[in-house]
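Next come the chains, spelled out residue by residue.
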Amino acid sequence: MSKSNKGRFFEDFTIGETLVHATPRTVSEGDQALYTALYGARFAPQAADSLAQDIGLPAAPLDDLLVFHVIFGKSVPDISLNAVANLGYAGGLFLQPVFPGDTLSAVSEVIGMKENSNGKTGVVYVETVGRNQVGEAVLRFYRWVMVKKREGAGALAEPKLPDLPKAVTPDQLVAPLDLDFSALEPALSGGAHFWEDYSAGERIDHVDGTTIEEAEHQLATRLYHNSARVHFNQHAEAQGRFGKRIVYGGHIISIARALSFNGLENAFFLAAINGGRHSAPSFGGDTIYAWSEVLESAPLPDRKDLGALRLRTVAAKNRAVGDFPLEDEEGKLDPAVVLDLDYWVLMPRQP
Amino acid sequence: MSKSNKGRFFEDFTIGETLVHATPRTVSEGDQALYTALYGARFAPQAADSLAQDIGLPAAPLDDLLVFHVIFGKSVPDISLNAVANLGYAGGLFLQPVFPGDTLSAVSEVIGMKENSNGKTGVVYVETVGRNQVGEAVLRFYRWVMVKKREGAGALAEPKLPDLPKAVTPDQLVAPLDLDFSALEPALSGGAHFWEDYSAGERIDHVDGTTIEEAEHQLATRLYHNSARVHFNQHAEAQGRFGKRIVYGGHIISIARALSFNGLENAFFLAAINGGRHSAPSFGGDTIYAWSEVLESAPLPDRKDLGALRLRTVAAKNRAVGDFPLEDEEGKLDPAVVLDLDYWVLMPRQP
Amino acid sequence: MSKSNKGRFFEDFTIGETLVHATPRTVSEGDQALYTALYGARFAPQAADSLAQDIGLPAAPLDDLLVFHVIFGKSVPDISLNAVANLGYAGGLFLQPVFPGDTLSAVSEVIGMKENSNGKTGVVYVETVGRNQVGEAVLRFYRWVMVKKREGAGALAEPKLPDLPKAVTPDQLVAPLDLDFSALEPALSGGAHFWEDYSAGERIDHVDGTTIEEAEHQLATRLYHNSARVHFNQHAEAQGRFGKRIVYGGHIISIARALSFNGLENAFFLAAINGGRHSAPSFGGDTIYAWSEVLESAPLPDRKDLGALRLRTVAAKNRAVGDFPLEDEEGKLDPAVVLDLDYWVLMPRQP
Chain A
20 MSKSNKGRFF EDFTIGETLV HATPRTVSEG DQALYTALYG ARFAPQAADS LAQDIGLPAA
80 PLDDLLVFHV IFGKSVPDIS LNAVANLGYA GGLFLQPVFP GDTLSAVSEV IGMKENSNGK
140 TGVVYVETVG RNQVGEAVLR FYRWVMVKKR EGAGALAEPK LPDLPKAVTP DQLVAPLDLD
200 FSALEPALSG GAHFWEDYSA GERIDHVDGT TIEEAEHQLA TRLYHNSARV HFNQHAEAQG
260 RFGKRIVYGG HIISIARALS FNGLENAFFL AAINGGRHSA PSFGGDTIYA WSEVLESAPL
320 PDRKDLGALR LRTVAAKNRA VGDFPLEDEE GKLDPAVVLD LDYWVLMPRQ P
Chain B
20 MSKSNKGRFF EDFTIGETLV HATPRTVSEG DQALYTALYG ARFAPQAADS LAQDIGLPAA
80 PLDDLLVFHV IFGKSVPDIS LNAVANLGYA GGLFLQPVFP GDTLSAVSEV IGMKENSNGK
140 TGVVYVETVG RNQVGEAVLR FYRWVMVKKR EGAGALAEPK LPDLPKAVTP DQLVAPLDLD
200 FSALEPALSG GAHFWEDYSA GERIDHVDGT TIEEAEHQLA TRLYHNSARV HFNQHAEAQG
260 RFGKRIVYGG HIISIARALS FNGLENAFFL AAINGGRHSA PSFGGDTIYA WSEVLESAPL
320 PDRKDLGALR LRTVAAKNRA VGDFPLEDEE GKLDPAVVLD LDYWVLMPRQ P
Chain C
20 MSKSNKGRFF EDFTIGETLV HATPRTVSEG DQALYTALYG ARFAPQAADS LAQDIGLPAA
80 PLDDLLVFHV IFGKSVPDIS LNAVANLGYA GGLFLQPVFP GDTLSAVSEV IGMKENSNGK
140 TGVVYVETVG RNQVGEAVLR FYRWVMVKKR EGAGALAEPK LPDLPKAVTP DQLVAPLDLD
200 FSALEPALSG GAHFWEDYSA GERIDHVDGT TIEEAEHQLA TRLYHNSARV HFNQHAEAQG
260 RFGKRIVYGG HIISIARALS FNGLENAFFL AAINGGRHSA PSFGGDTIYA WSEVLESAPL
320 PDRKDLGALR LRTVAAKNRA VGDFPLEDEE GKLDPAVVLD LDYWVLMPRQ P
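Chains as they are written, first to last, in this note's numbering: chain A, 20 to 370; chain B, 20 to 370; chain C, 20 to 370.
None of these hints come from the bench; they were simulated from the model.
There may be inaccurate statements among the hints.
Facing chain C, according to a computed beta carbon distance under 7 Å, are these residues of chain A, among others [unchecked claim]:
| hint | residue |
| --- | --- |
| 1 | E48 |
| 2 | G49 |
| 3 | A56 |
| 4 | G59 |
| 5 | R61 |
| 6 | A63 |
| 7 | A66 |
| 8 | G209 |
| 9 | H225 |
| 10 | T229 |
| 11 | T306 |
| 12 | N337 |
Cut-off 20 Å, straight-line C-alpha distance, at most; resulting in silico cross-link-like pairs (SDA-like, lysine to any residue) [unchecked claim]:
| hint | chain 1 | residue 1 | chain 2 | residue 2 |
| --- | --- | --- | --- | --- |
| 13 | C | K167 | C | V142 |
| 14 | B | K22 | C | F213 |
| 15 | C | K22 | A | L314 |
Some chain B residues well away from chain A (every beta-carbon gap over 12 Å; in silico) [claimed, not checked]:
| hint | residue |
| --- | --- |
| 16 | K22 |
| 17 | E170 |
| 18 | A255 |
| 19 | L352 |
Beta carbons: idealized from backbone N, C-alpha and C, even for Gly.
All chains should be modelled from the sequences, with the hints used to inform the complete structure.
And the structure:
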């Protein structure tokens, strides 16, 4: 009856269904400036047109996570407005750099559904693809969310669970074509360490911490057109589970990525997101720290310019992370940990 | 003596006087990105160049309210720096879309003055016109403000009250020329409802709520070059009427408009502002909700692409609005209501 | 061992050494929009392309202080990450206007060092030069910072103190070429006062006050790529000297400059920074006021369009400044004063 959208419930989804998301969005130099102000990201190719052109790109591309957030945000009103929880990501693959002036749109396909035994919720699996204005895919990822059922809704006929990749493999990674780092002065990127200098098992404390202000995460999340209510409405959340607004998980990912510049200065491009766990919520006033571990180092097929590093970046709140907190000996998660992200970056090889 | 501007008093205005406002301002993609971050507006033509071009516009225009705020802001130092109250608007008419790169300037004419019987204040009526860099009018509106008199200032000779329109009539509305919505996929605008689907008397709860942070309304109001002191100076306002900074009324209008996307997704263009009442102040920390009523539906002369809807959008603070709060049976305003806005939007007709 | 940067200590600097700073940064219309939102700056040439072109510039240049902050920010990771205090500036000279699309980079030379008698800290003097993408110098300044020594570090052989200018002289000032203000309507810049209207000794109360929000100074400081920890990390600063984050001193300078519009509307260009003293820290929640004194008025050699004014702008917190607070009769600084800035501006001469 009412024309306003109160969000889809579990039984409103159908396996195989395609959801064309509103609203396509032109991303501009203004979005990139705001992204810089929100996180202080300083990775070289995204910061300066001249540096980007020195290495063979037409201009400075947008930060990869800005692209991720915009595509993700489009899917929220159709997928997760009634989500009880964002359960996971997998198989995130960055396929094309995005430049100021490009218009991003997103489509999701429902690839799996499973009702929970409590009869009140279910899990919906989707594959989301973001495209630019000429139809090229720029990003693809899988995610799954726990969604409420309507009261009294019946049982779904048969569950279907998709077969999701544990991790993207190096041969699947897509690097921008024809880069040449020979003209890039190391001092300009801020990093003296190249792909060969990192090895599996190495851990890096990113040292710095960033305190989240309510205005900041709200500005960020609206910039991404992400309309999930828990981020914006203190009046309603005062009655909610935590008594306060919850920071969009992607905001924490972007903070951790920006902090990781200190020690990973040449990790220029995000190539894939293998998986991520938001193990605890973050709130306005929390201070986020991050550390990273190199999980794997892999050359890129046929590329002498770039190599790939698989990283785990862990963010914790309100504690320094020089001791690399994650799990104790019994596998119990450190209560300060808010993010455990598994992803691939591309880094120039030694000149 | 001092070169700084302490604002005009009632007796500094003259009927018929023209005030050329400082400072013209080029509006850019950066302004639009900030506007998106501040309100999360998701109306399709303003969000994506590709969608705008699909319907016949040269590019995504700026949000109409961003244009309004910039023009309004220019008039503040000359008109309302000493205003006791912004009493009302009338006859607001959007005349041209504004695009990134345009430069906006504003001129006001004093069209009426009336001293109040207390001898301490008076009401000044102005017509303000905003123009782009080639001199085309992009927006015109009337407003009236209560302004202080200097202490001991004498009485004004004769009051003059302008004849202001109760509402803009549909034949006065200006629609962008030659639009064609046939290529616009409804899923991309987020709205399945078109002009014919709305009828007078229909009410829509826009469901969501937005909590205002001090940093947000300050950023917004400075972006508009609006220098009214009550919005920025906690040290002075601590001694003021409310003990705290007052949020610019236009910030509430933009929040309400952005919330109204949920249920009015295809209300693409603001065509006119018939009137508005800021019935109570809003402050940092308040959560704004909104609902709308369709007051009137009118075809546009000679246009088969768009129709006009006259809307009343009501914003309330710190209460959900599913019960459409406004006035009780005795006409007493609900104390939570902060805005009652009467305006025309243009919406595509059914394809 | 660790790859992350914990900052340079005193003994890591060498006199004569050149430090090429990361990361060059393309400044855009997005940065300018954010700068406007952060400070509300309304000086005419920077606000409107049309006005800039009327006076002979190719487009609206970026605010001079935005350029200063970006160049300064680049030097922070190499110079002042372990700074105990930013002790001073001298000889700041703006050499070229910067436009949206330009890429700024920065290089510093260590020109002096002196160990403190406590054996724990030392003072490092640098000359920093900012350049655009074609290598033209756009800004040069000297600054000196107190930096920690490592525990147990030995004494430095011989101190060297540079000979720094007390002030830039008028003949050193660089004005944009070939400006013509004859087409500039005074009402559009907001100022009826020109260079000849100001004389040495004149004081101006800028009247207005601006309250700083934590989100605002964090957004600003990250926008400038300034990574000094004290500005962002409440968790660490809770244990620090003040128990809270310290606002970047440059944020106060930009607030004071924006406030100075009220009374100095035609002070279009910053030409030089002779020196500056941040006499007390500012924090989120503080309200900043400013007043200015004309120290000197000087014609520009061979220029009939512009004259130079040497100004002292003083900012104070949480008190109005109509009584021009600075020092008492015994030379004791007013405890509310947070900034005492000595600089040159360029202002159009009477038409």
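Results of checking the hints against the structure:
Because the closest C-beta pair between E48(A) and chain C is about 4 Å apart, less than 7 Å, the hint holds. Interface hint status for G49(A): upheld, as the beta-carbon distance to the closest one in chain C is roughly 4 Å, under 7 Å. Proximity of A56(A) to chain C holds as hinted, the smallest CB-CB distance being about 4 Å (cut-off 7 Å). The interface hint given for G59(A) holds, since its Cβ lies 3 Å from the closest Cβ of chain C, which is under the 7 Å cut-off.
At its closest, the beta carbon of R61(A) sits 5 Å from a beta carbon of chain C; the interface hint therefore holds under the 7 Å criterion. Given the 7 Å rule on beta carbons, the hint for A63(A) holds: about 5 Å separates it from the nearest Cβ of chain C. A distance limit of 7 Å between C-beta atoms decides the matter here; for A66(A) the minimum to chain C is near 5 Å, and the interface restraint holds. At its closest, the beta carbon of G209(A) sits 3 Å from a beta carbon of chain C; the interface hint therefore holds under the 7 Å criterion.
Interface restraint check: H225(A) against chain C, minimum CB-CB distance 6 Å, threshold 7 Å, status holds. Because the closest C-beta pair between T229(A) and chain C is about 5 Å apart, less than 7 Å, the hint holds. Because the smallest distance between the Cβ of T306(A) and any Cβ of chain C comes to about 3 Å, under 7 Å, the interface hint for this residue holds. The criterion of a C-beta within 7 Å of any C-beta in chain C is met by N337(A), whose closest approach is roughly 5 Å, and the hint holds.
Only pairs whose Cα atoms come within 20 Å are accepted, and K167(C) paired with V142(C) is accepted, the gap being roughly 9 Å. Between K22(B) and F213(C), the direct Cα distance comes to roughly 11 Å. Compliance with the 20 Å bound is thereby established for this hinted pair. As the CA atoms of K22(C) and L314(A) are separated by approximately 16 Å, the hinted pair is consistent with the 20 Å bound. Consistency note on K22(B): stated as away from chain A, and its beta-carbon is indeed over 12 Å from all of that chain's, at 33 Å minimum.
Distance check for E170(B) against chain A: the nearest CB is about 40 Å away, which clears 12 Å, and the non-interface claim stands. Against chain A, the non-interface label of A255(B) holds: every CB pair exceeds 12 Å, the least being about 22 Å. With a least beta-carbon separation of about 20 Å from chain A, L352(B) lies farther than 12 Å from that chain, consistent with its non-interface assignment.
Comparing the model with each numbered hint stated earlier shows that all of them hold.
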